[in-house]
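Sequence lines, in order, name chains A and B. Using my numbering, the first residue of the first sequence is number 113, and each one after it goes up by one. Using my numbering, the first residue of the second sequence is number 7, and each one after it goes up by one.
Worth flagging that the hints you see were computed from the coordinates, not collected in a lab. Glycine residues also receive a C-beta, built at the ideal position from the N, C-alpha and C atoms.
Label pairs and their calculated CB-CB ranges: (1) B:E345 <-> A:K176: 32 to 42 Å; (2) B:R348 <-> A:K238: 25 to 35 Å; (3) A:D247 <-> B:Y435: 37 to 47 Å; (4) A:K176 <-> B:G427: 42 to 52 Å; (5) A:F230 <-> B:F319: 52 to 62 Å; (6) B:Y435 <-> A:N188: 21 to 31 Å; (7) A:D315 <-> B:A423: 49 to 59 Å; (8) A:E134 <-> B:L22: 39 to 49 Å; (9) A:N285 <-> B:E345: 18 to 28 Å; (10) B:R395 <-> A:F230: 48 to 58 Å; (11) A:N285 <-> B:E447: 14 to 24 Å; (12) B:L22 <-> A:T125: 37 to 47 Å.
Computed list of lysine to any residue pairs in SDA-like fashion (alpha-carbon distance at most 20 Å, straight line): (13) A:K171 <-> B:V446; (14) B:K442 <-> A:N188; (15) B:K408 <-> B:R197; (16) B:K24 <-> A:R211; (17) B:K444 <-> A:V133; (18) B:K359 <-> A:N188; (19) B:K444 <-> A:L128; (20) A:K300 <-> A:A237; (21) B:K359 <-> A:L192; (22) B:K444 <-> A:S160; (23) B:K359 <-> A:G228; (24) B:K21 <-> B:I340; (25) B:K24 <-> A:P210.
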Amino acid sequence: MTTLLEAVDLKKTYMLGKVPVEAVRGVNMKVEAGDFVSILGPSGSGKSTMLNLIGALDKPTSGKLLIDGVDISKLNDNQLTDLRRRIGFVFQFFNLIPRLTALGNVELAMSIADVGKFERRQRAAKLLETVGLKDRINHKPAELSGGQQQRVAIARALANNPKFLLLDEPTGNIDSKTAAEVIGLLKKLNIENHVSIIMVTHDQHLAREANRTLQMFDGMLTSEVVNQQ
Amino acid sequence: MKTYDILGYSFSAIKLRKLRAALTTLGVIIGIAAIVALLSITQGLQVSITNDLNRGLSSSTLIVVPGSNALGAVGGGVGGGLGGGRAARGTGTGSINLGGSGAASSGFVLYDNYTSQIDALSPLITSSMAVIERAGYVNADGLNSSSTIYGVDFSQYTGQYPTTFIAASGTIPTNPSNNDIVVGTRVNDPRENGTTLFSAGDNVGIVWTNATTLQIVNETYTAHVSGVLQKVGGFGFGGPSDTGVYMPLSQAESFFGTNQVDYIIVQLKNSDNATITTVSKLITDHFDGQVTVISSTAVLSLLSTIFGTIQLFLGGIAAISLLVAGIGIMNIMIVSLIERTREIGILKALGMKSRTVLSIFLGESAIIGLMGALLGILLGWILANITARLLASGAFGGTGFKVTPLLTPEVFVGSLAFGIGISVIFALYPAWRASKLKPVEALRYE
Chain A
113 MTTLLEAVDL KKTYMLGKVP VEAVRGVNMK VEAGDFVSIL GPSGSGKSTM LNLIGALDKP
173 TSGKLLIDGV DISKLNDNQL TDLRRRIGFV FQFFNLIPRL TALGNVELAM SIADVGKFER
233 RQRAAKLLET VGLKDRINHK PAELSGGQQQ RVAIARALAN NPKFLLLDEP TGNIDSKTAA
293 EVIGLLKKLN IENHVSIIMV THDQHLAREA NRTLQMFDGM LTSEVVNQQ
Chain B
7 MKTYDILGYS FSAIKLRKLR AALTTLGVII GIAAIVALLS ITQGLQVSIT NDLNRGLSSS
67 TLIVVPGSNA LGAVGGGVGG GLGGGRAARG TGTGSINLGG SGAASSGFVL YDNYTSQIDA
127 LSPLITSSMA VIERAGYVNA DGLNSSSTIY GVDFSQYTGQ YPTTFIAASG TIPTNPSNND
187 IVVGTRVNDP RENGTTLFSA GDNVGIVWTN ATTLQIVNET YTAHVSGVLQ KVGGFGFGGP
247 SDTGVYMPLS QAESFFGTNQ VDYIIVQLKN SDNATITTVS KLITDHFDGQ VTVISSTAVL
307 SLLSTIFGTI QLFLGGIAAI SLLVAGIGIM NIMIVSLIER TREIGILKAL GMKSRTVLSI
367 FLGESAIIGL MGALLGILLG WILANITARL LASGAFGGTG FKVTPLLTPE VFVGSLAFGI
427 GISVIFALYP AWRASKLKPV EALRYE
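If we strip away everything but chain A, and leave its shape as in the complex, we get:
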């Protein structure tokens, strides 16, 4: 098995005004390809900071964070941007571009990665079919339900064949029935399409859907649970 993600004594301190806040205080963890891991923690536990670090949106203060074998603390902004194209980010608030259709949103991620027009149209349509939105590809986000929007976001995250999906409270903004559908989709992607998934949440029930749950508290990982499915 190849290692997707490895954190070694990972620390992140940021300034809140003039007060330094130690959000992440020495995290060690490892995620292998094909895994489905959840990071569970209450608000203020530092999980959002972990999310930003794993998503290559921010750089650690100290320690090492290897994503796909590359230490992100040694990368400049441009290289970080390149790395982000290999990570499929799914946000709590979907963060779709409102003026673009479902297809357009998925295509946008590919056009950022310089995929040609013809190829990306086909691939985007196929991805939307995979997430069950075949008959919704020309709808704009405002014309889609929360669950549908989140599925568009998942299709977009998968657009550039990422090393792993990184999800931030993926069901935080949708009703429980739709949430179950989204979770079902994630599991299907993990098992059938071998997509690796890292999910950050404060919802214990949701966290239990992953293969493993890492409990985070006060900037440190306190326990690891292997979930019985």
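With chain A held as given, fit chain B onto it using these hints.
Just chain B now, kept in the frame of chain A:
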């Protein structure tokens, strides 16, 4: 990201806020339209004046006027002609009696017999002829038609202006008797409506107000109209004029009681610059620098300098309005940047480079600049043509003044580049700020 995709994305952002984009574009349209309208009118004016001058001043001709700085007065005459072409034509002051003021200041005057001195100066000179010019009028059946009276040698003058000094009716006598005259078409038909005061062959009174004597008297004599000239058009600058009355030089000398002449026209063998420069210098030196030699090249270069200044001035004023448009663009881009902070965060999280974010914002303003410039050029061109029509119809006074607006490729390309350039320059700061947004903070922005 590919350029095509960047522009497509920029365009989708513009389309989202159509009214805002339209108003921003309107600023550019007005600025560019003002520049294009002003420049194409002045350039059209320059071309029509230059053509008039070329008709009057053949390039192988020099005009010698008394006074050392008479060319400055030409500038005044041309400049004056710009504002009131009608006035210049009506009184004939647009033509060359400009040496008069120079003569008064230096005390130097030209005499008719200086032509033989000039002829002897260089083999490059074909011939020279003296011209007397006075304001006066023609009286026919009690009706006066104001005009400029010229004393010229008919056969030399015909040789000098073979294309314009042509009789439309009657003839131009080669051996005129003293009371033979030839008149311009507007002397005969002052209102240009076909109502003529007299015909070729009639006798008319020539009147000149003599203010040199103690008591001002109207000198007058009866002349025989040998011919009426074809319509010359234009300002009649230096050449035959539609308001001119032409009499033999000897008659003019006795009528005006002088053998001083106002200027001497020198015909050259060649029209190249070397000949013009050599002969101009020979003549100036011969008269110890007390004359000014006007050549078509000198007048045209002066004219082009004057028009250059006018265009710079007008273009500058118009450019200010474009500057205002630029500030409008900057303002709207900053608003747009703040509104789209989250969007920029998303784009960066998806792996968009800062450079690409910069390009998207610059692309938006470039599209606005391009559309504004194209529509502005169109609007400016329409405005210029409307102005030209109003000028021609006499809406601004007079009987009308024909100008064909001219949109040169330079003005077209220049205003296009200027419109896009201003838009992009003013978008630089907002675009730079957008590109510098940190993805983490931008995503957190509500």
